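Student: Generate coordinates for the entire structure from the input sequences, incorporating the hints supplied.
Chains as they are written, first to last, in numbering that gives the first Met the number 0: chain A, 0 to 306; chain B, 0 to 331.
Just so you know, the hints here were simulated from the structure itself, not pulled from any lab data.
Since the model is a prediction, treat every value here as computed from it, not as a measurement.
Fair warning: there could be bad hints in the mix.
[To be verified] One side only, chain B facing chain A, incomplete, derived with CB under 10 Å: (1) R42; (2) L62; (3) P68; (4) G70; (5) L94; (6) P112; (7) I113; (8) V207.
[As the list claims (entries may be wrong)] Pairwise CB distance ranges, derived in the manner of DEER restraints: (9) A:S168 to B:E135: 50 to 60 Å; (10) A:L197 to B:L272: 37 to 47 Å; (11) A:L197 to B:D281: 26 to 36 Å; (12) B:V261 to A:I4: 50 to 60 Å; (13) B:D281 to A:I4: 53 to 63 Å; (14) B:S128 to A:S156: 54 to 64 Å; (15) A:V8 to B:S159: 32 to 42 Å; (16) B:T266 to A:L197: 43 to 53 Å.
Quick reminder that beta carbons are idealized off the backbone N, C-alpha and C, glycines included.
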Amino acid sequence: MLKYIVRRVLLLVPVILCVTAVLFTILHFTPGDPAHIALGQEATREAIAAFRAEHGLDDPFVVQLGRYIYRAVVHADLGYSYIMKSPVSYELSTRIPTTMKLAFWAVAFSTLVGIPLGVICAVRQYSFLDSLTTLVTLLGVSMPTFWTGLLLILAFSVHLEWLPSMGFSTPSEMVLPVVTLSGSTIAIIARITRSSMLEVIRTDYVRTARAKGQKERVVILRHALPNAMIPILTIISMQFGLLLGGSLITEAIFSISGVGRLMIEAINMRDYPIIQGGVLFISVAFCLVNLAVDILYAFVDPRIHVK
Amino acid sequence: MADHPVTDQKPLLDIRNLFVRFHTDAGLVHAVNGLNLSLRKGRSLGFVGETGAGKTTTALAALQLIQSPPGETRGEIFFEGQDVMKMTEAEKRALRGGKIAMIFQDPMSSLNPIMTVEEQIMEMVSLHSTLANARERAREMLTLVGIRPERGKDYPHQLSGGMRQRVGIAIALACEPSLLIADEPTTALDVTIQAQVIDLIRKLQNAVRTSLLLITHDLGVVAEICDEVAIMYAGRLVEAADLRKLYKRPLHPYTQGLFDAVPRLDTAPGEKLAVIPGLTPDPTNLPKGCSFSPRCPNVRDVCRERSCGMTEHEPGHFVDCHFPLGSRGDEK
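Tutor: This is the structure in structure tokens:
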């Protein structure tokens with residue numbers, strides 16, 4: 000098991016290096032001179048030349064790429080935001096905890112609601128509750144986040160005045176963003192749980208468990224659900240990976256300063272180093288979540304052999 | 000067989016006028032149609048019929064494992080004198096595994112893939128016995144079916160098909176049930192393993208003194224381990240008797256057809272096997288009268304009108320045919 004994990008972690012290295020190189024290349028060849036952006040349109044020719052020399056912008060592309068990777072790996076230095084006048088790693092590190100907190104609670108909440116809902120729907124297939132859930136989850140998947148978010152703010156902040164509409168530090172501030180973000184995730188998890196459970200419930204080994212005289216509740220929870228977990232885990236991890244990348248819209252609506260908002264601002268201002276650092280963080284986060292899930296698979300299903 | 004031959008022994012399992020239907024998209028499937036079957040304590044009954052005749056459905060109905068919907072069960076199923084259809088959920092659970100245990104057809108799919116086999120035997124033990132050490136009992140059962148107890152820590156995918164079927168047998172017999180239902184226990188196995196599994200079932204059946212309901216389409220296996228035979232066709236019995244009587248003199252044309260279809264050692268090489276012409280009837284649309292009439296070589300008008308119903312043709316030999324083979328009916 001340990002060997003497998005080490006091997007998987009080592010495999011991440013080339014993946015992340017490739018991502019970094021591709022990102023750097025794309026942004027390098029995007030039109031727009033960083034010196035112009037940093038110094039403004041009125042900057043003198045000399046000032047621009049000095050800036051380019053100082054930041055090594057005149058070096059060949061390969062040298063710049065090598066330097067970027069070297070600094071990122073050795074010094075955890077992702078460059079310098081000319082607009083924010085601060086290191087990219089610093090900007091990211093102030094935003095990442097908030098985004099992770101939001102992503103974690105949204106996924107935790109969606110899982111805690113989505114899985115039981117899906118299980119109940121599968122066990123009581125075609126019941127009233129099942130049809131109702133199908134309808135509501137369809138709504139959940141179809142409603143865009145900005146719409147649900149605004150509706151929730153209207154209802155709970157404006158009219159009822161129960162919950163604040165901004166920020167993400169106190170528990171009461173966390174409720175609306177987490178619920179907003181969970182809407183579609185709950186729907187997705189509930190649907191995949193339902194279909195995965197429906198498949199497993201019809202298997203022979205579930206019938207064997209019943210033929211042993213096992214209680215139906217135990218048959219479902221001990222025999223069926225663990226066998227239905229693989230697709231559910233996959234979906235949860237994908238959602239978590241997506242949310243770690245920053246929930247652009249939700250963060251904007253609730254004025255949460257997370258990675259998502261940082262990215263939007265950076266894109267608006269053409270702050271390339273921040274964009275690059277942000278995308279790099281998102282890809283690394285995705286890789287790590289995938290790794291975690293692959294390891295989890297092996298725990299959930301002994302047939303997935305760890306070589 | 001409602002009017003079963005008089006014995007002083009009460010039947011262990013007595014199925015009376017059982018109907019099982021399934022509501023499906025293709026229509027109403029009549030899986031079991033007025034089946035009567037009884038089995039006395041300590042005896043073994045071979046339950047023979049083609050695929051789709053309703054054998055497994057009957058067994059599942061005895062365990063009350065027909066899921067409703069889409070299934071619908073009517074009739075009476077007495078086990079040790081108690082109607083299982085009227086039992087409470089808790090009584091049914093005590094019955095399943097504790098009194099009636101079942102070995103399933105496909106050992107590849109009937110074990111939980113993510114539990115060790117030991118745990119799966121232990122689950123049965125802890126549900127139906129007061130044994131303090133379920134793990135010890137599980138190991139004992141593994142030894143009994145010829146698997147080294149340390150293999151108990153393995154998952155089903157680490158065992159061969161034959162071993163998995165042995166695990167299925169170990170689970171079924173762990174709590175010494177009064178009735179063992181073996182649903183085509185050898186169909187999914189290769190021939191050499193088949194013989195081992197059959198031997199094992201016979202040996203354990205004698206050791207544990209359990210009754211056996213063997214579901215199969217293999218008349219050879221039945222001859223080897225059963226005392227009685229019941230032939231099922233399209234959801235009901237067509238013939239039932241003591242093994243010797245039935246093998247010596249089959250009365251129903253369908254039974255005769257089954258025997259003719261068995262390859263024999265004295266068949267000349269290259270000679271074609273006899274087949275029963277036609278197909279089993281569509282269970283959503285059963286023929287009027289005797290359901291075998293469309294395929295029967297001796298069919299007469301009356302067969303297409305109504306079925307005969309089970310009659311005792313000779314003592315202890317029941318047949319559902321207007322014109323049993325070798326009887327005066329033939330000359331009519």
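Student: For each hint, tell me whether it holds in the structure or not.
Tutor: Verification of the supplied hints:
1. Given hint, B:R42 at the interface with chain A, is violated; its Cβ is 22 Å from that chain's nearest Cβ, farther than 10 Å.
2. Proximity of B:L62 to chain A holds as hinted, the smallest CB-CB distance being about 6 Å (cut-off 10 Å).
3. Checking B:P68 against chain A by beta carbon gives a least distance of about 8 Å; that is within 10 Å, so the hint holds.
4. With a least beta-carbon distance of about 13 Å to chain A, the hint placing B:G70 at the interface is violated under the 10 Å criterion.
5. The restraint placing B:L94 at the interface with chain A holds, with a minimum CB-CB distance near 7 Å, inside the 10 Å limit.
6. Nearest Cβ of chain A to the Cβ of B:P112: about 6 Å, under the 10 Å cut. The hint holds.
7. With its C-beta approaching chain A no nearer than about 6 Å, B:I113 sits inside the 10 Å limit, and its interface hint holds.
8. The interface hint given for B:V207 is violated, since its Cβ lies 17 Å from the closest Cβ of chain A, which is over the 10 Å cut-off.
9. Between A:S168 and B:E135 the beta carbon distance is about 57 Å. The supplied range of 50 to 60 Å therefore holds.
10. At about 42 Å, the beta-carbon gap between A:L197 and B:L272 stays in the expected band of 37 to 47 Å.
11. Here the CB-CB span from A:L197 to B:D281 is close to 27 Å, well matched to the stated 26 to 36 Å.
12. Taking the beta carbon of each, B:V261 and A:I4 are about 57 Å apart, inside 50 to 60 Å as hinted.
13. Under the hint 53 to 63 Å, the C-beta atoms of B:D281 and A:I4, about 56 Å apart, fit the expected range.
14. For the pair B:S128 and A:S156, the beta carbons lie near 60 Å from each other, so the given range of 54 to 64 Å is met.
15. The beta-carbon spacing between A:V8 and B:S159, approximately 36 Å, falls within the hinted interval of 32 to 42 Å.
16. Range check, B:T266 to A:L197: about 48 Å between beta-carbon atoms, so the 43 to 53 Å window is met.
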